[in-house]
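First to last, the protein sequences are chains U and S.
Taking our numbering, the leading residue of the first sequence gets 9, the next gets one more, and so forth.
Taking our numbering, the leading residue of the second sequence gets 9, the next gets one more, and so forth.
Read the hints as simulated data drawn from the structure, not as lab findings.
You can take every hint at face value.
Copies of one chain are not kept apart here, so a pair can be met inside one copy or by any two copies together.
Here are the computed lysine to any residue pairs in the SDA-like style, where the Cα-Cα straight-line distance is at most 20 angstroms:
1. 78 with 48
2. 31 with 252
3. 260 with 278
4. 40 with 220
5. 78 with 51
6. 276 with 239
7. 260 with 202
8. 260 with 240
9. 102 with 18
10. 260 with 276
11. 40 with 76
12. 260 with 274
13. 15 with 127
This is what each chain is made of:
There are 2 protein chains.
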Amino acid sequence: MPSPTIKGTTRGYVIPIGGGEEKFENPEILAKFVALSGGTDAVITVIPTASQLDDTGQRYQKIFEEIGVKKTYSLPITERSDAQNADYVKTLEKSTGIFITGGNQLRLSTILGGTPIAKTIRQLNAQGVNYAGTSAGAAIVSQHMITGGTTGIVPTEDGVNLAPGMGLINTIVVDQHFNERNRLSRLLSAVSYNPFLIGVGLDEDTAAFIDHNNEFTVVGSGAITVVDPSDIEYSSMAEARRGDALTLLNLKVHILAAGGRFNIGERKAYVN
Amino acid sequence: MPSPTIKGTTRGYVIPIGGGEEKFENPEILAKFVALSGGTDAVITVIPTASQLDDTGQRYQKIFEEIGVKKTYSLPITERSDAQNADYVKTLEKSTGIFITGGNQLRLSTILGGTPIAKTIRQLNAQGVNYAGTSAGAAIVSQHMITGGTTGIVPTEDGVNLAPGMGLINTIVVDQHFNERNRLSRLLSAVSYNPFLIGVGLDEDTAAFIDHNNEFTVVGSGAITVVDPSDIEYSSMAEARRGDALTLLNLKVHILAAGGRFNIGERKAYVN
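Input sequences plus hints: build the corresponding full structure.
If you want it as structure tokens, here you go:
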């Protein structure tokens, strides 16, 4: 569950990005994240923990500086003891926007899970600080996080692996590189485990800007595929054997390109 | 449009198969096609026109003989003049089951389209002769046939190429090797051109046995993905530019494993 908001404050944006958003000369998604976080006065803290590359934090600092951000930090958290570091927590508390890079989402959950850094991210977001994360940094936003699974279209009984995520948002499960890596089967497998979940599949260079009303707008060059299983009439998940193709009747699916909107609470898609 | 049925006769089965059904020791789908066509007394005629391999017809004759069929034919139709051959038409008329192999569906439409052979297939099916076709032979059953397109999940304005098929069945558009080759994007592109169409994506070793009531049962080891766009609330297809991701709101999707059923006229999925 997301950290409770405090009376008088408004939750910050939660912005999962499908990966690859930094490869463009005009990074529309990152620029919008900056604009919402104070523009040139934003204070952006990068957490590159998912990545195994030494320069990932600096690379993103540079991107944010090129967008015009005057103050950026990168926290070199590579093991659990780093995530207890009180100085890092203090730096984090100065942020108007927090950014988690791509890499391996299991590094994020195993290194950050349950630490002061994770707790601070959750509290700051509840108090109005924006969170954006790409690829692994997108996966981690949901309470139930996809860590692996089959590729393709058709779900199977063992088509997805889940782990607890950071839980900045509940009721959705996020997948990334969605169209590029053909990940519908694992998203369908995930939502059919428990149809209270809504599946949100993010293409590369595409983000869901989720506001404090639990409604998101699509930004970027690809699409977001929303899989809503709430009207499912029948699912063979409970009886299926390992590897079996599943039967799922009456899934609702929305494909949302830039400008499309989806209200998570009402499970309703819009345009305009 | 399918050929009209004659008073007192019942239309034969139309059985599109997603490909790869012949690679198994016990070819369940082909055995069921044979059983419906008279069992050991069936007369099965193979049309290998889609294939460029010389032995495709003989290979399928052998498979049907191993299932127990006493009488099999293969018609070596490789160009349009062959499809005018009156002897081939006479052989075809002896069939209780007609089988079209895989290969290139554009060979089927360009070589068979509008010929006496195509006309006879349509008439025989209307009079009760069963039709089965795998891969290219599955694609050709629909009036609007997919000949190519993008792979992936998300549909685009130019995501699919269509050509006129044999029209044994209307209102559905069929795709094959569906899960294996990640073909949801092209099927979604096809149904969003005109939402009267229902998309039917067949996995390999999986078939839709469509009966004379326009209802099909799933047979085989994979699944059939049914995409029903009839409740679409919004589609950006008409305004989208070439290559743009589309917005499509409120698609209905069913994933049907073996035993699943779908009534095409009522657009309703069932189990049991």
